[in-house]
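**Student:** Chain by chain, the residues:
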Amino acid sequence: MPALDFRLGIDVGGTNTDAVILDRSDQVLAKAKVPTTPDVTSGIVAALDAVIGTSGVDVSRITHAMLGTTHATNAVLERRRLHRVAVIRIGAPATLGVRPMFEWPADLTAVVSAGATVVAGGIEFDGRDLSPFDGDAVARFLGSVAGRCDGVAIASVFAPVSPRHELLAAEIVKRELGQLHISLSHEIGSVGLLERENATILNAALAGVAGDVARALGQALAAHNLSPVTFFAQNDGTLMALDHALRYPVLTIGSGPANSIRGAAFLTGRSDALVADVGGTSTDVGVLVNGFPRESSQGVEIGGIRTNFRMPDLVTIALGGGTVLSGGVGAVRLGPESVGYRLRDEALVFGGSTPTLTDSAVATGRARLGDPSLAQPALRLLEAASRAADLALADAIDRVKTAKGDLALIAVGGGSILIPDELAGVSEVIRPHHFDAANAIGAAIASVSGQVDRIFHFGPGGRKAALDEASQEAKDHAVAAGADPDTVQIVELEEIPLAYLTSPAVRIRAKAAGALGGLYASAEAQAGIHASQH
Amino acid sequence: MKRLLGEPVLRSLARGCAVLGTGGGGDPRIGLLLALQALEEVGPTELVDLDDLPRDALIMPCGMVGAPTVHIEKIENGGEGAVLREHLERLTGRTVAALMPAEIGGSNGLLPLTWAGRMGLPVVDADGMGRAFPLIPQVSMHLAGIDPNPGVMTDERGNVVVFRAISGAWMERLERSAAVEFGGAGAATEYIMTAAQAQDGAAVQGTFTLAIKIGEALNTAVGDPIAALVAVTGGLPLMIGKVTDVERRTTKGFVRGSVVVEGLGDDAGRLLRLEIQNENLVALEQGRVLASVPDLITVLDSETADAIPTERVRYGQRVTVIAMPCAPIWRSAFGLEMAGPRAFGYDFDYVPVEELTGASA
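The listed protein sequences correspond, in order, to chains X and D.
Under my numbering, think of the first position of the first sequence as 20, with each following residue one higher.
Under my numbering, think of the first position of the second sequence as 6, with each following residue one higher.
Don't read these hints as lab results, they were simulated from the structure.
It is possible that some hints are incorrect.
What the hints assert, rightly or not - Below are the SDA-like pairs computed for lysine to any residue, each with C-alpha atoms no more than 25 Å apart in a straight line:
1) Lys-423(X) - Gln-291(D)
2) Lys-423(X) - Gln-282(D)
3) Lys-423(X) - Tyr-320(D)
4) Lys-247(D) - Gln-291(D)
5) Lys-247(D) - Asp-291(X)
6) Lys-247(D) - Asp-414(X)
7) Lys-423(X) - Glu-308(D)
8) Lys-247(D) - Ala-427(X)
9) Lys-423(X) - Ser-307(D)
10) Lys-420(X) - Asp-272(D)
11) Lys-423(X) - Gly-270(D)
12) Lys-247(D) - Gln-317(X)
13) Lys-218(D) - Ser-307(D)
14) Lys-420(X) - Val-260(D)
15) Lys-423(X) - Gly-274(D)
16) Lys-420(X) - Arg-323(D)
17) Lys-218(D) - Asp-56(D)
18) Lys-7(D) - Gln-204(D)
19) Lys-420(X) - Glu-252(D)
20) Lys-420(X) - Arg-254(D)
21) Lys-420(X) - Asp-250(D)
22) Lys-423(X) - Asp-272(D)
23) Lys-247(D) - Asp-409(X)
24) Lys-52(X) - Asn-244(X)
25) Lys-423(X) - Val-318(D)
26) Lys-247(D) - Arg-406(X)
27) Lys-247(D) - Asp-271(D)
28) Lys-420(X) - Gly-270(D)
29) Lys-420(X) - Leu-276(D)
30) Lys-420(X) - Asp-306(D)
31) Lys-247(D) - Ala-413(X)
32) Lys-247(D) - Val-334(X)
33) Lys-420(X) - Glu-308(D)
34) Lys-423(X) - Arg-254(D)
35) Lys-483(X) - Ile-509(X)
36) Lys-423(X) - Thr-249(D)
Okay, chain X solo, but in the shape it has when bound:
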C-alpha cells in the first residue's frame, strides 16, 4: 500500500465531469473539465486523460484516486445493469397489508425482483420480539430463489431498534446460498419500514454497479501505468474504501452535491455557510454545517421509489450557465432547457444564437467571457433574465435555511459567475479560487466517515450511556470505512425524541469522521478488482 502522495479527484456532474490532482498539502496541481457522457464511464476516462495529459505533473506520484459518480443513480433511472434481488421482510403477522415493492414501478420490479417474502419475526419499538423469528421460512424461501438471484435484501420491522433478526436471517442466507451480496436494512436507512426496505433493495440491486465502475476506472488508470488506491465519494461528502462502496453502493447516490459542499468548505476554510453549486443546467443550494453537508430529514425519491437513507439537504432549481432564455422582456422565461456543454457553440457571446444566463452574466458585467458586444442587441432581455434569476436564487437560499438571519454564501461550480455579489439573505458572497472544480476537489479531500442512526432506549446508564454507545459505533464505522483511528472524532450528534411514544425512546444520529488511513483493511478488495482487469 503506497504512502499518501498525490491524489486524483474525479466528480461526474449532470453536464460536466471534472478531474483534479492535489498534492499532499492539498494544493491543486492540475484540473480539467470535459462533457459528461451518456455512459458516464467514457467521460471519466476523458477527464482522466485530460488532467493527466495536460498537467505536466509527475503522475506516477498519484497514490490515491477518489471518484464521485452518478453511475448508481443512472443505473436506477435507466433500469440497467441492476442485480436481481431476493427480498426478505421480517415482520409477519404484522405488515402483510403492504407487501414488499408494492409501490415500485412495474418495469423496475421486473428487472430487480427475484421474489419476495414476509416471514414471522421482527422487533417492537421497545426492543421486544414482535414475534419469534422464523428461520425455517427464510430457508424455504431461499430454496425457491436459489440460482435466480444475485443478492438478498433483508429488512426487519424496527431494525433501527435492534438488528438481531436481520443478522439471524443473514446467517441463514450465507449457509443456504454461500457467498453473495446481502444488504441489511439497519445499515442503510432509518425509521420507516417501507422506505428503508426500498433503499435496502436498491442497495442490493446496485451491488454490481460499483464493481463495474471500479474496474473501468482501474483500466483507465492502468492505461497511464497508474494503480492508485481507489475510493468512492459518498453522499455525506466523505469517502469510502472500495470494499465499503461495494457493500453500500446506494450511498454514492447524491455524492455530487455533497462533494461540491465539501469542496467549498475546503477552498474557503469555512465550516458553516450556504453553498450554491451552479452547473450548466441546474443549481443546488445546500448548507455547510460543521464542515459537512446538512442532511435531509425527509425521505428522498430515487427513480420513483421512496427511500429514507441520508442525503444532503438541497434546494435545486433549474438555473445554470446554459439555461436558455425565452419570452419577451416583460415575461422572460428561464429554462428549464439548457444548452449544457454546447454553451461555447450556442451562447450569444460565443457567436451562437441562443440567449443563455451566461450571456446575462456577461451583459450585466458579472463575467468576462467571449465577445460582450454580441450580447448587446439582447441587452434588455438579458438584464430582465438576470433579475429573475437573482430572485429565484434568493428564494432557493431562503428555502434551504432553517432560521432567520443572513449567512455567507460560497459560490462554486462553473456557472457560479451568474451569482451577483449581493443577494437577499446573504451576508457576503465568497468566490474561492478553483471554484469551478470544487466538486472534484471535494471528492479528493481525504476524509472518511461513519454513521449511526437508530433508536436507543435509555438503560441503566441513562442518556449519556446511549450517546456514548452511538458515538463509539459511529467511530467504529468510520474506521471500518477506511478512516485513520487516531484522527476519528464525532462531528455530529443529534437526538430526536420520537413523537407519540410515551416511553423514553430516542433516535440518535451520530457521525464520526477522520482522515484517510487504515487503508490495509481494503487491500484485499482492491487486489481483487485489479486482478480481474486482465
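Go by the hints and put chain D onto chain X.
**Tutor:** Below, chain D without anything else, positioned relative to chain X:
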C-alpha cells in the same frame, strides 16, 4: 347512495384525510397503500350513506390507538378489523353491518375501509370527529351519550383485550396502556351504535364525501387548488406566507410548540402564530385569535397544496393557512367542554371562525 371506492377515489381520499388531519393524525400514506393492496386483492370497498342501512343496523367505529411512529414500521396486516368485529359480535350477540372510522383525519381515515373491504362489509359515509383529535372520547358518539362499552382492542398477532370502562376518560386511559403493551399501537373499537343513533347526531355525516371532494379539488383545480379547497370546505384562508419560526418540543409523547408565518404578497406585514399540540390548535395574530379548536386549522404547501403535518413544518416553507368550520356538534356546550380551547389548556372562550374573521361569506 352507494359507491365503490376505486383507485383514483382512494388517492383523493388520502389527500383529503391529510387536510382534515389538521397537522396531526399521522400520515395517511400507509393507509392509502393498505387500501390499494386490498383493492387489488379483494376489490373495492363499498361506501354507503347511513340511510342506506336499516335503522337497527350495527355500526362499528374503529381505528388505531397509539403512536403513528409505530404505524410506519409495524404496518397493519389488514385483518385487525375482522378480529375486532368477531369479538364485538360475540360480546353483543349482534351482527356488525358496517364500519366507520372514529376519526377521518390523518391515517385513521383510511384504515377502516381496508378492514371493511377485506370482510366484504361497507364503510359508512361518516366518522366520529370530522377531523383529527388526540383522545378516544373526543368523538361525536361521546357527545351524543353513546356508551363506549364494550371496547375491544387487538394487535396484529391476534391478542384481544375487552374493556368495560366507567367513562370515556377511563376507556382512553385503559386503551392507551394496552396500546403500549401491544408495541405502541393497537386496533380498537368503542362506542358501537345503530344507524338510527348515528343519523340522529351521534356521527358526523358525509365526511368521506367531504374528504374525497377535498382531494379531488386539490388534484384537479387548475391554477389555484387552495381556492378550490376553500370553496368545497367553506373554509377561510387565514394567511398566505412563509414559515419564519418553528418552535417544537416533545413532552410525554406529544408534540407541542408554535409556528410563526410571515405574510407574503397581499398579506405582507402580517404575522400569524400557530399553537400546536400534535394538531394545529389555535391561530393568533397580534394576540387576537383568528381560529381555534374545535374548528379546523390546516397548513398547506402553497405550491403543491399538500397538507403539511406539524412535525414537518420548517423554516422557509411557503404555506397557506386555512381554517374550516368544525362539525356543528362540536359547537355545543358539551362539544366545547370536550374539545374547545379550554380542553387543551387555553384560557379563552371559543368563537366560531366565521365570526372571528368577520367573513360571513
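**Student:** Each of the hints needs a verdict: does it hold here or not?
**Tutor:** Now the hints, each set against the structure:
no.	hint	result
1	Lys-423(X) - Gln-291(D)	20 Å, holds
2	Lys-423(X) - Gln-282(D)	24 Å, holds
3	Lys-423(X) - Tyr-320(D)	8 Å, holds
4	Lys-247(D) - Gln-291(D)	17 Å, holds
5	Lys-247(D) - Asp-291(X)	24 Å, holds
6	Lys-247(D) - Asp-414(X)	11 Å, holds
7	Lys-423(X) - Glu-308(D)	21 Å, holds
8	Lys-247(D) - Ala-427(X)	22 Å, holds
9	Lys-423(X) - Ser-307(D)	20 Å, holds
10	Lys-420(X) - Asp-272(D)	22 Å, holds
11	Lys-423(X) - Gly-270(D)	19 Å, holds
12	Lys-247(D) - Gln-317(X)	19 Å, holds
13	Lys-218(D) - Ser-307(D)	19 Å, holds
14	Lys-420(X) - Val-260(D)	22 Å, holds
15	Lys-423(X) - Gly-274(D)	16 Å, holds
16	Lys-420(X) - Arg-323(D)	13 Å, holds
17	Lys-218(D) - Asp-56(D)	20 Å, holds
18	Lys-7(D) - Gln-204(D)	16 Å, holds
19	Lys-420(X) - Glu-252(D)	15 Å, holds
20	Lys-420(X) - Arg-254(D)	20 Å, holds
21	Lys-420(X) - Asp-250(D)	11 Å, holds
22	Lys-423(X) - Asp-272(D)	19 Å, holds
23	Lys-247(D) - Asp-409(X)	19 Å, holds
24	Lys-52(X) - Asn-244(X)	22 Å, holds
25	Lys-423(X) - Val-318(D)	15 Å, holds
26	Lys-247(D) - Arg-406(X)	22 Å, holds
27	Lys-247(D) - Asp-271(D)	13 Å, holds
28	Lys-420(X) - Gly-270(D)	21 Å, holds
29	Lys-420(X) - Leu-276(D)	19 Å, holds
30	Lys-420(X) - Asp-306(D)	17 Å, holds
31	Lys-247(D) - Ala-413(X)	14 Å, holds
32	Lys-247(D) - Val-334(X)	16 Å, holds
33	Lys-420(X) - Glu-308(D)	18 Å, holds
34	Lys-423(X) - Arg-254(D)	19 Å, holds
35	Lys-483(X) - Ile-509(X)	15 Å, holds
36	Lys-423(X) - Thr-249(D)	7 Å, holds
Of the numbered hints listed earlier, not one is contradicted by the structure.
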